[in-house]
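Whenever a hint applies, use it, and build me the whole structure from the sequences.
2 protein chains.
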Amino acid sequence: MGRGLLFVVSGPSGAGKGTICQRIIRELDIDLSVSMTTRSPRTGETHGVSYYFVTRQEFEQRIEQGGFLEYAQVYDNFYGTPKEMVMERLVAGRDVILEIDPQGAMKIKESYPDGIFIFILPPSMKELRRRLTGRRTESADAVNRRLRETLTEISYIEKYDYCVVNDDLEEAVERTASIMRAEHSRVSRGVQDLIARYKEEV
Amino acid sequence: MGRGLLFVVSGPSGAGKGTICQRIIRELDIDLSVSMTTRSPRTGETHGVSYYFVTRQEFEQRIEQGGFLEYAQVYDNFYGTPKEMVMERLVAGRDVILEIDPQGAMKIKESYPDGIFIFILPPSMKELRRRLTGRRTESADAVNRRLRETLTEISYIEKYDYCVVNDDLEEAVERTASIMRAEHSRVSRGVQDLIARYKEEV
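Protein chains in written order, with my numbering: chain W, 1 to 202; chain S, 1 to 202.
It should be emphasised that the hints constitute simulated quantities derived from the structure, not laboratory data. Remember, it's a predicted structure, so these values are computed and weren't measured experimentally. Hints may contain errors.
As the list makes no split between identical chains, a pair holds if one copy fits it or if it spans any two.
Here are the simulated DSS-like cross-link-like pairs (lysine-lysine), alpha carbons at most 27 Å apart as the crow flies [to be verified]: (1) Lys199 / Lys109; (2) Lys159 / Lys109; (3) Lys199 / Lys107; (4) Lys199 / Lys159.
What follows is the structure, given as structure tokens:
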């Protein structure tokens with residue numbers, strides 16, 4: 001049995017990557033990686049599902065032990081991808097999805113270059129503005145700042161393997177699922193065992 | 001609108017590549033390339049569907065004009081892939097499937113390196129022997145010769161991009177269709193226009 005595949009999914013806030021990933025893990029046999037953070041849980045968040053909530057001391061100890069595939073500090077809080085949990089699943093032959101911003105994705109690319117990098121895009125900036133405004137949780141200034149941040153994020157796209165435009169959710173899920181299925185058929189992921197088996201049989 | 005994609009499908013006789021390609025063209029918006037040959041039509045074969053049946057003189061004239069993506073002589077007959085028909089469709093933005101043996105596929109790789117190369121494998125040599133024997137059209141000697149030829153063909157597999165094992169027809173069709181869908185999402189096929197559009201919109 002081969003090692004599972006690590007799919008790294010990024011995209012601007014409002015592009016719908018969270019919804020797509022949730023749909024994918026329901027439809028394909030694949031696990032979603034859970035991040036670790038030092039921030040406090042919000043209402044409705046569950047330890048081990050939303051995040052692994054740990055103390056700053058625990059987080060820093062794990063950093064020292066090289067226990068993260070990547071981590072970052074955002075204002076006062078740390079966020080990271082626990083290495084062991086991802087690697088255990090991959091070694092067991094299971095695929096893993098990692099939802100992460102481009103900066104984090106680029107760190108993963110260094111620590112795990114075999115990952116498959118997928119960028120989810122909104123259909124247009126106009127539609128993204130509509131989606132962000134529709135949430136009513138952000139001021140006009142905040143929305144404009146997010147749109148500028150989005151352009152910066154999009155500039156990373158050429159470092160990714162695939163790009164999926166989320167103009168229609170069903171189609172975007174199907175395209176993302178197709179990418180994940182197709183990657184298992186790549187010859188570059190190893191066919192030597194297969195060829196050896198055919199030769200033995202003749 | 002971008003150019004369509006050329007999918008080159010190979011695999012040993014009995015692996016089921018013909019059945020898979022027929023299913024794909026029914027399910028996806030994709031054309032099957034029709035080969036040109038100098039051999040006579042057999043019962044049930046239609047000009048323009050099974051093959052384009054032409055005279056040897058017409059075929060040789062087309063060779064001189066550089067009118068083939070690849071061609072080969074098998075015993076007394078010529079077989080080739082007419083360049084113009086494939087290119088017209090690709091330029092019009094349509095995907096094209098080309099079903100061809102590995103020698104032909106390698107020539108296509110030289111003349112059209114942007115093609116996507118897919119190899120269809122039988123589940124095992126034992127199963128392939130069963131399928132070939134089941135056809136009852138070939139002697140035991142012929143079956144053995146085919147199995148040896150198959151091993152030679154399989155040695156080309158590492159020159160291909162993808163490999164699909166046809167153990168279950170439905171799954172093999174779905175895997176092949178996923179490859180074809182996924183290739184449209186590859187960043188390497190060009191995202192500059194897309195990025196420019198997002199930038200203009202802000």
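Here is how each hint holds up against the structure:
With identical chains, the CA atoms of lysine 199 and lysine 109 are at most 27 Å apart between copies only, with a shortest distance of 26 Å across copies and 36 Å within one. When the C-alpha separation of lysine 159 and lysine 109 is checked against a cutoff of 27 Å, the pair qualifies both within a copy, at 9 Å, and between copies, at 26 Å. For the homomeric pair lysine 199 and lysine 107, the shortest alpha-carbon distance between copies (25 Å) is at most 27 Å, but the shortest distance inside one copy (41 Å) is not. In this homomeric assembly, lysine 199 and lysine 159 come within 27 Å of each other (Cα to Cα) only across copies, at 18 Å, whereas the closest approach inside a single copy is 39 Å.
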